[in-house]
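Engineer: Okay, here's what each chain looks like letter by letter:
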Amino acid sequence: MKTPVMKLNCFLLPILFPVLLLGQGSEGISKKNLANANLNLMENHDPAVEKENFDLLPGYEVNLFAQEPMLANPIHMTWDNRGRLWVACSWAYPQLKPGEVANDKIIILEDTDGDGRADKSTVFADGLYMPTGIELANGGCFVAQTPDVFFLKDTDGDDVADVKELPLTGFGIEDSHHSVSAWRRGPGGWIYFQEGIFLHTQVETAHGMVHNYNGGVYQYNPRTRDLRIFASVGVGNPWGHVFTKWGQSFLVDNPRVHYLSPATGNSGQRVRLNHLLSTEKQCGGDLATGTHLPEDIRGQLLTCRFKSRAIIRYEFTDSGAGFSANVLPPLISSKHPNFRPVDCKVGPDGAVYVADWYNPIINHAKHNFRDPRRDKEHGRIWRITAKDRPLAPKPKLVGAPLTDLLEHLKSPETWTRHQARLTLSELQPDAVSQALSKWVDGLDPKDPEYAHHLVEAMWACQNVERPSEKILKLVLASKDGNARSAGARIIRYWHGDLSDPVSLLAKAASDPFPRTRMEAILSAGYVPRAEAFSAALGALDLPRDKFIDLALPQTVSALEKFWRPALEKGTLAFAKPTHRAFAEEAAGIGFEKRLNDYVRKKSPTLSETNQIVDRLIPNANVRQARMIVDFLTKKQQSPEVRIALLDALAKIGRKGKFSLGQRIGPLRKLIRNQNEEVASLAIANLGIWQLKGAEKDLLSILIDPLVPPSSRKTAAVSLGQLRGGEGKNALLDLVRKGKTAERYFAIYGILETSAEEAAELAVDLFAQDSGDLDPVALIQAFNRRSNGNTVLAKALSGKTIAPAVKDKVSEYHRKSGQLSKPLERLFRPSSPKSLSSILMREDRQALASEVDRLGDPVRGELVYRRQALACASCHAIGSAGPKIGPNLVAVGTSADTAYVVEAILEPNKAIAQHYENKLITLDDGSVLMGSIIYQSDKEVIIRDSSLGGKERKAPIDKVRKIKPMPSLMPAGLADQLKTRSEFIDLAKFVSVLGKPGPYANDESPLIRKWMVSNSETDKPGEVESWRGVYSLVNGILPNDEMGKGKMIFARGFVEVQAPGRVRLKVNELAGIRLWLDDKEIQNPTSDIELSLGTRSFTFSIDQTKRKSEGLRVELIALPKSGAKFQPKGGS
Amino acid sequence: MPIIPKPLLLALTCCLALNLFGEPTVRPGDRIAIVGNTYADQLRIHGYLETFLLQRTQGKPVSIRNLGWGGDILTVRDRPTNFPSETSTLTEHKTDLIIACFGMGESFAGPEGQSEFEKNLKDFITSHKGKKYNGQSEVRLAMISPIAQEDLGPSTPKSVQRNRNLKSYVESMQKVCLEEGVPFTDLYEPTIYLMEDKNAPKITENGIRLNEYGYWATSRTLADSLTTPAPSWWISLDAKSGACEARGVSVGKVRTAEKEISFQVLEKSGPSLPPPVSGTIHPSLQSARDRMIVEGLVPGEYLLQVDGQNVISGSHEQWANGLPIDQSPAHKEAEAFRMTVNDKNLQFTYSWKALNQVHIVGERKKSPAGAALPEEVIRFNELAILKDAQLREARPAKTREWKLIRQ
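Heads up: the protein sequence lines correspond to chains A and B, in order. Using my numbering, the letters of the first sequence map in sequence onto residues 20 to 1150. Using my numbering, the letters of the second sequence map in sequence onto residues 3 to 409.
Isolated chain A, as found in the complex (with noise of 0.2 Å):
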């Protein structure tokens, strides 16, 4: 450690802190966390001490591979042919400072007397500046040093590069903790990378020019030098990616992980990827492997998170044509404070090799680049192994026999395999075909392996860019769906060697198992021909999935220049008619004959409707639009399908390319209709196609008490619409001599023709208290208009606002944030002494140390429970919680005390990527506010807080512009808090969020999310209404927040992947009864068998008996019961 703070001796610390306090620089680096943290291991180097500060998952030990100073700051690691260990470090991180040189490393750590320690270190390469990511390939190595891809290699034998070439440059230089990260070598030989949110990347390679924005994962074949973009998806910070035994890939991309194989089409197109599953930030890491690791823990996801220091599990199963995900317990976890995990591999001895970038901080996004205590000296290299099971044996690669290498093919160490094909690859390219093609003629076909000798024997003539008809075709006959997937996989790269790709094309589309299905559509994309397209269609004839739906669709566009030509000559063939009526549906051909099928339906479906409406949007003209208005009343239709055919109507509608003329009888049928949301929608329809005569209808409702509120106010809104001003004298009227309740209604109609009129006449009611009115809606009304706020928050400068209207609206902007800056000031209740502004004149180093001495985390996990500081209703921990803001459960790992005192002070300071708060304004007036989480050439996607957040989709060509706003958490908040105290325990409660201890992110499979309710009755079927409230973060759904009653009901929901038996673990039985679904459990400890899909478990509780603070339920797998499940959390 550099700073002369870090060297002296830990027991005058305490002496000297105060001191030090005072002495700190402008920059504001903060020394505090040394205060709560375990000061002693933090400046304890000792590779024991941090040994012994280990815990493993039973069975598992841990020993000390390699250390400083045979390395230091660790950032990724991969493995060679001859068993050694290279390394990338990275002194410069997280930047250079002016005036130094960079010389950051690749070093060769080999164990050479194969101990289980490294005893030979070598410098492979140094003069690096911050190398994110190394793979082996064409005899040395690829380093990634954005924005260049450099290959390296050594001529002569030592061990030293000699020879530096640049292969490919112009990758994203925006960020460097997620630049071209997280290298690995894919089965085939092709290397795979990734690249994180905001990089720009333009790369030159003789195959054309690669263009991403926004993250992404690339492939790169070192032996072609081809570079494509294999999954164009906007990921944050992607920094890991494996392959399964049969080449399927999965994604780590921060705090999710993702099934990738699905969005690796050929469209060019964002393709938007849903995660298996959202926890914690996390990476590199590898899948558990071979003989040496336990069979319960082989195939799980080995990940790495740096924040709470584990090395966590995931397991996967197979879920149609993809998989769903679990978490499980860490296979190990530190206390010690510098531990911190970034990469694990498993070694050929069948041991995980974990990397540890040592350090007491980590990422340079939550701390100063400069923050002094950055070490720079340490690093090491940990290696645990499953106690009293025989290592791997370690194979002979280099200057073996091909016929050795091929047998090499057959091991059930992945880890042999991978380097026996990466060492195939730089042998004889037609000398390993020809080896090839005999060795699958002498593979015995009863072997339980065949088939995955055949995937192996495939990749191998891949991995030397020879394709082999002979042996795809015995990989696609094989009984293995997987081996066939793999196969129908590989058809993407061999199509142009292949002598009819299509017919292969079209027997695996409709194959039994899901994922060659899935793979065969895939594929298909990349055939440049128009059959393709008819041959991915065999799917159709079989169950889809979320998997091939989104399979699908990037085909369709990726062949689109093929077959819409040939399908419009009429020279396409189609093995089925319905087929032929999916191209035609996705050509936009024959829709009218379809339509004309449709309102013939007597019932039709919703999703038959969904399509109609989905191609009728677009392009609808006057004699469709008014088809559908006569369709609407005239049959007897589901609420639904009406909803769906209103809410098409109004899309259209808005547009105003034509008018209904008089065509009013259908929808005033509707207006009153038993329906909130379709008489409300028919209302709206009435405005929006301001159809003449509406008039009187419009009015009458408006002023009916009995019409729900919903209505009315859409009523005034048409009213508004309506040409001619006859409906706005009306509004004005009722505005002059209305009730409360009118005149606010009536405000919205106004709203519609001018914002200045309305906001002078809300200036009235604002003042007065609205009583059960909702002002809020008004206010998100002009909200929703260009410039409505400015509007308003100009009327009202100056004037009275009533204070019960104050707390509802300010109350509002807590929960959403979506007030603008002047509307929150005069919204914002009058207290005589705002809690916030004197704490935000405090000395925020001060302040951070008083939340780490004397903060209760107890109390403060009561007050951010509390309705009124709306912290729950945007931040989830853990599993528990809605997604409007970021998930804070290891917030304390990552940020310092002062982060997260500022970031409650002040939200503005530093937002959290991906919750940057924006307005959206669109052509035609409205807008949208939330954070985008999903953006592309065609769309994009918010999350919008002030709909608790919902998504809201907007076409791209219809945005005029995208405007930053103030973060979405309100400034002020501390204003709801009554004490200076309660603020000290909340930053306190916040800030160990994820620590080790009682606020750990514990991930066990506890039922966090409860729906309660205080029914009289006692069979939960008969409950009617439920709320949400969920557990604490220690598991207990606490009784004061269950309700009162009698009889208190709590239930959560399962999502069940595998079925099987579970045991529920409750903290206490007394007082309770338990149902599974309908069905009571007699008893709640028995084993209780889950059966696949949703499951719900409710309990009654009778509090009189119970002695404990609430309830806390956890499910047990038993053992060998396969059952797979996950508790359903979210919002």
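Please note that a few of the clues may not be correct.
Said to hold, decoys possible - Examples of chain B residues lying across from chain A (beta carbon under 7 Å, computed): (1) S157; (2) L357; (3) N358.
Claimed, not checked - Pairs of lysine-lysine, BS3-like flavour, derived with a Cα cap of 27 Å: (4) K367(B) / K395(A); (5) K612(A) / K670(A); (6) K688(A) / K747(A); (7) K902(A) / K367(B); (8) K937(A) / K368(B); (9) K368(B) / K980(A); (10) K264(A) / K492(A); (11) K172(A) / K200(B); (12) K116(A) / K389(B); (13) K334(B) / K183(A); (14) K204(B) / K172(A); (15) K385(A) / K367(B); (16) K200(B) / K183(A); (17) K183(A) / K389(B); (18) K902(A) / K368(B); (19) K368(B) / K116(A); (20) K840(A) / K368(B); (21) K368(B) / K982(A); (22) K977(A) / K957(A); (23) K169(B) / K124(B); (24) K116(A) / K367(B); (25) K1098(A) / K1038(A); (26) K980(A) / K367(B); (27) K367(B) / K928(A); (28) K124(A) / K385(A); (29) K368(B) / K385(A); (30) K204(B) / K183(A); (31) K937(A) / K367(B); (32) K367(B) / K840(A); (33) K367(B) / K982(A); (34) K928(A) / K368(B); (35) K498(A) / K429(A); (36) K160(B) / K580(A).
Worth flagging that the hints you see were computed from the coordinates, not collected in a lab. It should be emphasised that the depicted structure is a prediction, and the values quoted were computed from it without experimental measurement. Heads up, the beta-carbon is just placed ideally off N, CA and C, and yes, glycines get one too.
Following the hints, put chain B in place on chain A, whose structure we already have.
Structural biologist: Chain B in isolation, oriented as in the chain A frame:
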């Protein structure tokens, strides 16, 4: 006289043709900005062109900032969010001359994209017309064509077709530049000529981007097209008579003795930079190296010493054919100078194209974590300015003692 190879001659004549009526493209004291694609960007790594330009503007040296960006094409030049605009950087550098390199990425659009390319090129030229980035005079432009595509087997697919496209894109550029009165340098012709020699080293990394040798190999052609061509050093000496002819240097006080010929060499022009490879190079590039021919030597082995330092030795026959002079003290100083050029460019890169732009100008600009970076970027720029000043210091022509000693 060494023979100037045909393509170099071609390139020379064509750029001369454009410059016949005026001064050379690069004028002493020019403040130059290089913009464009990966070719432009990588000029900063190798420093050959810049060293040449500084050598040839001694007395009133140029100042260069490389604003090239990997993968730039005329219409797509992605930058980090809120990155300073090109105009602001050109203005900050008080740019007199823009050297623009485009056409490689664009050429992938093939014949269908060609007319669009011509239009975009015109638009690019027009966009700078009348702009006074130096605050005084209208900025001048010079355009550099892409190189040809080298055939490296499977990693450079469709080489023949690609070169056809590249050639016609280069013709488009030439046409537009002629119309717009912009000096133009064709790198396609000289590079395809070099690429055709299958026995010589490869000049590209990946078929379309020059390697260090490739940058060296094209640097004189390029420098000659931008400035008044200056030949490499050439000394021809008759051992018997002491008669001497020289170019680039002047030779005096020749003394011939039985075992030693000594003479003084005044270095009138900068020495040629030695090739970055040992062993064979393209025969046509031998003329780009400094060279000495000594005829009439008594048979034997002769060592050249300059100011007491060994430079090269060869037999009397080799000397009679001429030997390259790459390692004299002047050459070593020139190499060291090139390293300073590269270091200046590196410090400028650390400043202008610093990593972690999100913290400097972009999305995380307000995040306290990166608060130190904007200030550090300024300090990196100061380092670049310091190095630049060092490069522009006067370097008076030196006279050195040369000796050819019989071994």
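Engineer: If a hint holds in the structure, say so; if it doesn't, say that too.
Structural biologist: Hints and how they fare:
no.: 1; hint: S157; result: holds, 4 Å
no.: 2; hint: L357; result: holds, 5 Å
no.: 3; hint: N358; result: holds, 6 Å
no.: 4; hint: K367(B) / K395(A); result: holds, 26 Å
no.: 5; hint: K612(A) / K670(A); result: holds, 22 Å
no.: 6; hint: K688(A) / K747(A); result: holds, 24 Å
no.: 7; hint: K902(A) / K367(B); result: holds, 24 Å
no.: 8; hint: K937(A) / K368(B); result: holds, 16 Å
no.: 9; hint: K368(B) / K980(A); result: holds, 22 Å
no.: 10; hint: K264(A) / K492(A); result: holds, 19 Å
no.: 11; hint: K172(A) / K200(B); result: holds, 23 Å
no.: 12; hint: K116(A) / K389(B); result: holds, 17 Å
no.: 13; hint: K334(B) / K183(A); result: holds, 23 Å
no.: 14; hint: K204(B) / K172(A); result: holds, 17 Å
no.: 15; hint: K385(A) / K367(B); result: holds, 13 Å
no.: 16; hint: K200(B) / K183(A); result: holds, 22 Å
no.: 17; hint: K183(A) / K389(B); result: holds, 26 Å
no.: 18; hint: K902(A) / K368(B); result: holds, 23 Å
no.: 19; hint: K368(B) / K116(A); result: holds, 20 Å
no.: 20; hint: K840(A) / K368(B); result: holds, 18 Å
no.: 21; hint: K368(B) / K982(A); result: holds, 16 Å
no.: 22; hint: K977(A) / K957(A); result: holds, 10 Å
no.: 23; hint: K169(B) / K124(B); result: holds, 18 Å
no.: 24; hint: K116(A) / K367(B); result: holds, 18 Å
no.: 25; hint: K1098(A) / K1038(A); result: holds, 10 Å
no.: 26; hint: K980(A) / K367(B); result: holds, 21 Å
no.: 27; hint: K367(B) / K928(A); result: holds, 10 Å
no.: 28; hint: K124(A) / K385(A); result: holds, 26 Å
no.: 29; hint: K368(B) / K385(A); result: holds, 12 Å
no.: 30; hint: K204(B) / K183(A); result: holds, 15 Å
no.: 31; hint: K937(A) / K367(B); result: holds, 16 Å
no.: 32; hint: K367(B) / K840(A); result: holds, 21 Å
no.: 33; hint: K367(B) / K982(A); result: holds, 16 Å
no.: 34; hint: K928(A) / K368(B); result: holds, 6 Å
no.: 35; hint: K498(A) / K429(A); result: holds, 18 Å
no.: 36; hint: K160(B) / K580(A); result: holds, 23 Å
Checked against the numbered hints listed earlier, the structure breaks none of them; every hint is satisfied.
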